[in-house]
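Fit chain B to the known structure of chain A by using the hints.
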Amino acid sequence: MSAPAPALVLRGATRRHPGGRGVADVDLAVREGEFVALVGPSGAGKTTLLRLMASLDAPHAGEVRRFGETPRGPRRGDTRVAVVFQRPRLVGRADALANVLAGRLGHLPRWRALLGAFDDGDRRLALASLAKVGLLDRAGDRADRLSGGEQQRVAIARALAQAPRVLLADEPVASLDPDNARAVLAVLRACADDGLAVVASLHQPELARAYCDRVVALRDGRVEAGGAEGEAA
Amino acid sequence: MGERDEGAPADGPGIGAGRAGGPCVDLRRPAADRVDAGRVDAGRVDAGRVDAGRVDAALAADRERRRDPRAMVARVALPLVLALAFAVAWHVAGVDLGRLAAGLPKIGHWLAQAWPPDVRELPVFVLRMGETVAVAFVGTAVAALAAVPAALLAARGVTPMPRLRVPLRWVLNAFRGIDAFVFALILVAAVGLGPFAGALGVMLHTWGSCAKLFADQLETMPLETAEALQAGGAGRIAAFRHALLPELGPAWASSALYLFEFNVRASTVLGVVGAGGIGQELKASMDLLDFARLATILAVILVAVTAIDTASAWLRRRLA
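From first to last, the protein sequence lines stand for chains A and B. Sequential numbering from 8 applies to the first sequence in the working numbering. Sequential numbering from 83 applies to the second sequence in the working numbering.
Extracted from the complex, chain A is given alone in its bound form (with noise of 0.2 Å):
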């Protein structure tokens, strides 16, 4: 019996910024359930990788593919990749629930996300994420009011709302002391186990080795090790 396709697949992804840095030639998979560390030195093209993971950019030249397909273009959402910044990006005057909600849009029906009518089902599933990432006593305070290390787990409770297959993040744990450090990881950890694939940009290789399952190193844009695995390329 074979293994199910990787949710993600790079083959050939070059993309090349004008000051020179960026990414070439990077073949890389990765399933579903795996927990994948990009790791190097600062403008290795972890953060360009991750982003045309995302489709927030397009690759100009090879392709990336998720579940088998071709993404329709750059900056089109999908909700079956989430996305975690190495800044949480949350909205500091809403509490932590309204901001996990907030994963929920690409779910709803145009008029019910541009009016945030959120069913039960919706907050159900919200709570539960917080609850997944320890914050579920914090869910009625304001996301300006939580730690940094709180902030960016309401963040990673915003991409579970979304009821993701991929989760990616970028730096996730690069302004975090130690102990917030850990815990957001755990949380990483976690969700592969409940059968995600995820993919984190990391500087630290010993967090990388202890929470990871493979860890990619990158070097000038391209993978030193731990590239492909699987079917890719």
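The hints are simulated quantities; they were obtained by calculation from the structure and are not laboratory data. Every residue gets a Cβ at the ideal spot worked out from N, C-alpha and C, and that includes glycine. Mixed in with the good hints, there may be bad ones.
Here are some of the chain A residues that sit facing chain B, going by a computed Cβ distance under 7 Å [as the list claims (entries may be wrong)]:
| # | residue |
| --- | --- |
| 1 | Asp85 |
| 2 | Ala89 |
| 3 | Val98 |
| 4 | Leu112 |
Then chain B, alone, in the frame of chain A:
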């Protein structure tokens, strides 16, 4: 350390002179700490140390800059131009202190006539003031609502139609540049006498001001939260509604309240051109030189404007 000192001059007065045996000043950092702490550019930048020779060179350069003829012209010519402009404006404005001196006793006489104020028509004045507040409220509220889509179209980085942005900014500036009083003057001729013309005038002027303010505030907002929601599948408008509006809403409401305060004050004179409100009573009193009546009207305006300013300022503080 020896290598580090190669970059220092052989000697130097000024700051460096105070330190025994060398031209560099140690700004109270331990020697061990400064060895490799701030070395950036081949010995030229040392954290905690000031190179006295370089300070002297900078001082000389500064002296040279101040001697620059262009800087001298700017220092002398600018005050001269300002003084000339003031003298011309004084003449054009027809300022005549003699006439002021002759008119002051007249004003004093009127003030004496204004006391005691005539309060027999107070209920009418309160009603007229209510009309003025209503004109300002309707005008501001409709303008603020209409300003939201205009701001979205006029804000750089947000507008879905970038080509429309600059022409729309021109239109907004035009509406902002024409006072509500002038709009009311025109609209009285179009829709007839009464507060409706005043409300329309306030609306048109405020729409331009409000949309520009909203757009400027929108342009300063980081769009990354909206991008995060869009990455998760939210539509563009829903992402704006949920990412930006909660952050912008209080600022926009505060701006609208501020404009409302301004409009209440501005609307008190709309009656002069027949656009309703307390202004028409004001004009009637002035035409009849009935200063006791005028004193009551001014008191009503003062109380209403102060009450509204205070309430609005309190609300704006709560929104902050």
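Here is what the structure says about each hint:
no. : hint   : verdict
1   : Asp85  : holds, 6 Å
2   : Ala89  : holds, 6 Å
3   : Val98  : holds, 5 Å
4   : Leu112 : holds, 4 Å
Consistency with the previously given hints is maintained throughout, with no hint failing.
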